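Protein chains in written order, with our numbering: chain A, 4 to 261; chain B, 332 to 619; chain C, 332 to 619; chain D, 31 to 237.
Be aware that a few hints might be false.
As a list, the in silico EDC-like pairs of lysine to aspartate or glutamate whose alpha-carbon atoms are at most 16 Å apart [unchecked claim]:
1) C:Lys592 to C:Glu517
2) B:Lys589 to B:Glu554
3) B:Lys474 to B:Glu460
4) D:Lys89 to A:Asp222
5) B:Lys592 to B:Glu574
6) A:Lys184 to C:Glu406
7) B:Lys592 to B:Asp500
8) B:Lys594 to C:Glu568
9) D:Lys66 to A:Glu160
10) C:Lys506 to B:Glu568
11) B:Lys400 to A:Asp222
12) B:Lys464 to A:Glu177
13) B:Lys594 to C:Glu574
14) B:Lys506 to C:Glu574
15) C:Lys361 to C:Glu574
16) C:Lys594 to B:Glu574
17) C:Lys594 to B:Glu568
Hint data in this document are derived by calculation from the structure and do not stem from the laboratory. Since this is a predicted model, take the numbers as computed values, not measurements.
Okay, here's what each chain looks like letter by letter:
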Amino acid sequence: MKAIDYYAHHNRLADWHPVEKAIFAFSHLFLVLLLKSPAVSAFVFLTMSLAAVAVAGIPWRRYLALLSLPLVFLLISIVPLAVSVAPAGTVPASLLQSGDIFGWQAYIAAAGARQAFVLCLSAYAGVSCMYFFILTTPFSGVAFALRHLRVPQVFIELTAVTYRFIFVLVVKAEETYKAQKSRAGYRGWRSSLQSLSSLTANLFIQTMREARAVQLAVDARGGAEMAQRTSNGYRLRPYAWAAAFILLSLSFSIGLIF
Amino acid sequence: MIELKNVSYHYTDGTKALNDVSLAITPGRKIAVLGNNGAGKSTLFLHMNGLLQPAEGQLLFNGTPVAYKRRQLQELRRAVGIVFQHPDTQLFSPTVREDVLYGPNNLGWSQARAEQAALEAMEKTGVLEFQYKPPHFLSLGQKKRAAIASVVAMQPKLLILDEPTAGLDPYYARKIMQLLNELHNEETTVMLSTHDVNFAYEWADEILILQSGGVRAFAGAEELFHDQALLADCHLEQPWMMEVFAALQAKSGQKIKKVPKSKQELLTWIEEELQQTREMVTERMLLK
Amino acid sequence: MIELKNVSYHYTDGTKALNDVSLAITPGRKIAVLGNNGAGKSTLFLHMNGLLQPAEGQLLFNGTPVAYKRRQLQELRRAVGIVFQHPDTQLFSPTVREDVLYGPNNLGWSQARAEQAALEAMEKTGVLEFQYKPPHFLSLGQKKRAAIASVVAMQPKLLILDEPTAGLDPYYARKIMQLLNELHNEETTVMLSTHDVNFAYEWADEILILQSGGVRAFAGAEELFHDQALLADCHLEQPWMMEVFAALQAKSGQKIKKVPKSKQELLTWIEEELQQTREMVTERMLLK
Amino acid sequence: MHIMEGFLPLKWAIFWWVLVLPFLAAGLRSIQKTIKEHPETKMMLGLAGAFTFVLSALKIPSVTGSSSHPTGVGLGTVLFGPLAMTVLGTIVLLFQALLLAHGGITTLGANAFSMAVAGPLITYAVYKGCRKMNIGFTAAVFLAAFLGDLSTYTLTSLQLALAFPAEIGGVLASFMKFAGIFSLTQVSLALCEGILTVIVMNWLLKY
Chain A
4 MKAIDYYAHH NRLADWHPVE KAIFAFSHLF LVLLLKSPAV SAFVFLTMSL
54 AAVAVAGIPW RRYLALLSLP LVFLLISIVP LAVSVAPAGT VPASLLQSGD
104 IFGWQAYIAA AGARQAFVLC LSAYAGVSCM YFFILTTPFS GVAFALRHLR
154 VPQVFIELTA VTYRFIFVLV VKAEETYKAQ KSRAGYRGWR SSLQSLSSLT
204 ANLFIQTMRE ARAVQLAVDA RGGAEMAQRT SNGYRLRPYA WAAAFILLSL
254 SFSIGLIF
Chain B
332 MIELKNVSYH YTDGTKALND VSLAITPGRK IAVLGNNGAG KSTLFLHMNG
382 LLQPAEGQLL FNGTPVAYKR RQLQELRRAV GIVFQHPDTQ LFSPTVREDV
432 LYGPNNLGWS QARAEQAALE AMEKTGVLEF QYKPPHFLSL GQKKRAAIAS
482 VVAMQPKLLI LDEPTAGLDP YYARKIMQLL NELHNEETTV MLSTHDVNFA
532 YEWADEILIL QSGGVRAFAG AEELFHDQAL LADCHLEQPW MMEVFAALQA
582 KSGQKIKKVP KSKQELLTWI EEELQQTREM VTERMLLK
Chain C
332 MIELKNVSYH YTDGTKALND VSLAITPGRK IAVLGNNGAG KSTLFLHMNG
382 LLQPAEGQLL FNGTPVAYKR RQLQELRRAV GIVFQHPDTQ LFSPTVREDV
432 LYGPNNLGWS QARAEQAALE AMEKTGVLEF QYKPPHFLSL GQKKRAAIAS
482 VVAMQPKLLI LDEPTAGLDP YYARKIMQLL NELHNEETTV MLSTHDVNFA
532 YEWADEILIL QSGGVRAFAG AEELFHDQAL LADCHLEQPW MMEVFAALQA
582 KSGQKIKKVP KSKQELLTWI EEELQQTREM VTERMLLK
Chain D
31 MHIMEGFLPL KWAIFWWVLV LPFLAAGLRS IQKTIKEHPE TKMMLGLAGA
81 FTFVLSALKI PSVTGSSSHP TGVGLGTVLF GPLAMTVLGT IVLLFQALLL
131 AHGGITTLGA NAFSMAVAGP LITYAVYKGC RKMNIGFTAA VFLAAFLGDL
181 STYTLTSLQL ALAFPAEIGG VLASFMKFAG IFSLTQVSLA LCEGILTVIV
231 MNWLLKY
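Okay, chain A solo, but in the shape it has when bound (with noise of 0.2 Å):
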């Protein structure tokens, strides 16, 4: 979580304009979840981590850290998809895998293990244009873009203050768990289900306390609406339009080759 938010803030992109960079990736992202050609899916997986890695400069150790995090996901989503159940008899003819349990038989289709590949693809793909997103994009940056979008400025608010508190909070909780961790805590199932008990009702409690502590200090500067009339300092590059415009382009362009 740290780290993430550490690149958002320490790349080189980072005082570029949101909602360039949020057109930049999400276009991509709609073009393959438009298309699902594998082609355009490894095309735009290409340049947007050129693009976080040698553009943004994220290390890219980390970069590839980052994309086996939803690997579990992928794999026990995919599992269900390739692989097909029939009571035997039913099944088609083109198998490229089978087995038989119980008068049933459990096989992988071409056709499901086709799918199961594009899908593969494209949802890495898809991964590569948020990681883009987010790991050169700053919270303020985000908050720019909602605004744009003209989301209800509560929201806003809310998101911002959670943003905020969440580091205050995640500070807290690891606090209490290395107390906990060096009065020889968490040593099996029970001992560890009590002590994050603990832990969690211990965190509400600071948070509404936190929470009492920051409405006054919201009030004891005038409180009213968080109204946000700061100018960022963002300002448009007509040359990163342009890339931008160029590479979904090209994108698109190897989607109708291919």
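Given chain A, put chains B, C and D in place with the hints provided.
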């Protein structure tokens, strides 16, 4: 500027947090508030800009009693700024800059004026370089300065700080000290709470001692710290400088000069004395 | 008892939090750890009971290298107790009593033994009277003592405290001091971090100075605080007692006696000197 | 377990977004009303969102030995109410995508529907129902958290099955496959989350 008249305040459980406090704060002063944990310092501060409303007594702002109406409170809160002890609760925006802008924006100033005030506050406190960062990337010392900036941006006439140097290492504590000296001027009163009598003695012109919710003493620093009985009663120590100086004076047998205000002054005084004694010793030898 | 050999540790972003630290802690000592915020004090402490595992180098516990296996860690954490700085995150049970029992229960002691250990710890630290209260209702001074109790209940041989007096008024700070002196004995080493050089000088036998993740100095308090170059380099001040004493000694021209360890000792010394000077003055007058 | 970015076909991603928006709007409206009357609830809710996020980022020890993340939906609903949880849950999902790369942006609609809309509503309904039937507090909290958690994953399976029906047997067969595989890990996790929620609530009641 701000005056409390016979103010009392009770917590919901009935304990008295403030007990018949009367107090007047005028511009241009440096006041240190001393008192044990639970003596009522924070409760007093929260009364000063109308965050708490007294159960009995009243608060006067520029001579008029505060009626706790929206408009008047707005003005009061602009004039009296509070920097809370924990910067994490004080900084509630995603970036330092947004936090510093929060106060000025609430005052209904024009965009340009608000930005100008924020810029000045960030310059004074030296937080400009990390203005676009979220508070969780800052060190404690930086957070404290950012918290001060976000209050200073409202250009208060009375700046209240709750233990501004707590938890800081001596290097950063000294930096905060310098900053407070810069923020203090003829129009602005700086008031802070601390547990460090030595620091209070060195920095403040006046000392306010609270004890069990009441004002125990409010006087010039030197006068107050000479009152041994008072200090003992409040579980406070005399600043070591005064104690050592008193012992030395008794030794040298001279009349009371100005008591030194800082370690440097004391050491210089010793140096001068040294000169005298050396001369005395030489004289004695010659006489022998 | 505990030994670190060339221990280094990096944060995930690559900055070195500890840099080639070697250190041996034997029983029965009083060690104060000094160093600016971010010098690596907390990281060092977390290595001492195996909460963090060194990236390079190793930790020895009673002479054997720690392999970070369950059983050994259990023993290590029993022997090395850490009292963290913020009691609010450290006290996580509904009542003080349950919190003090948490450690002993985790050690797999019998119910009777755990209760006995908790009782002793609560007696020593003076938290018995509010043992059935939820920690959140206590004053800061009480919370700090409860936090110490919950670690002392595990009867550690090395008791580590992260800024035990931070935020406390002088009265409570003195109480914690007394408590630490009681907890220290021939078998138990007490080690604490602080920003207060005067307190470190008065309380500790040995001083460990950390700077940018490395051990800058580890020596007897007096010796170390005489090293002006070292102190300046670490942004530390000399304890005022030593400074004043040095100035006075230069003045009296006498040979170095034992440097006073407390304000009381210094004042007594001045008193004695005073006697001598008076005699000198009288002598001079007589000679005249 | 959230559906990852890029996994849902475009039409289904849009479908769930459209379905979730009215609930989100209703939640926001109720929050806005509360804030108008009690301005101090804004900070409270923001911190509640942060709390729920941190809760969902903790690893809970599972009976099977592996550890996984709780949804935090059960506890959040009991503490803050189902309508507020719709908004808070969506914010939490947004940050899980932004800060943990968990879930996604186009799939946020689908994930929000299962975790921030259905989960809290079922939790709330189970809890109220249990209390009406005079079932004890502990049992009611456990059932509410357990079933709320389970329903979230059941719904996720359904969402995947709808998007990817099996060649033979269609949506139903596909649903059985997804639910079957997910249940391997999720049933024990839901049990643990139920127990956790009970202990936390009892802790808080003591306090």
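Verification of the supplied hints:
no., hint, result
1, C:Lys592 to C:Glu517, "violated, 21 Å"
2, B:Lys589 to B:Glu554, "holds, 12 Å"
3, B:Lys474 to B:Glu460, "holds, 13 Å"
4, D:Lys89 to A:Asp222, "violated, 36 Å"
5, B:Lys592 to B:Glu574, "holds, 12 Å"
6, A:Lys184 to C:Glu406, "holds, 12 Å"
7, B:Lys592 to B:Asp500, "violated, 22 Å"
8, B:Lys594 to C:Glu568, "holds, 11 Å"
9, D:Lys66 to A:Glu160, "holds, 14 Å"
10, C:Lys506 to B:Glu568, "holds, 14 Å"
11, B:Lys400 to A:Asp222, "holds, 14 Å"
12, B:Lys464 to A:Glu177, "violated, 22 Å"
13, B:Lys594 to C:Glu574, "holds, 9 Å"
14, B:Lys506 to C:Glu574, "violated, 22 Å"
15, C:Lys361 to C:Glu574, "violated, 23 Å"
16, C:Lys594 to B:Glu574, "holds, 9 Å"
17, C:Lys594 to B:Glu568, "holds, 11 Å"
Of the numbered hints stated above, those contradicted by the structure are hints 1, 4, 7, 12, 14, 15, listed in ascending order.
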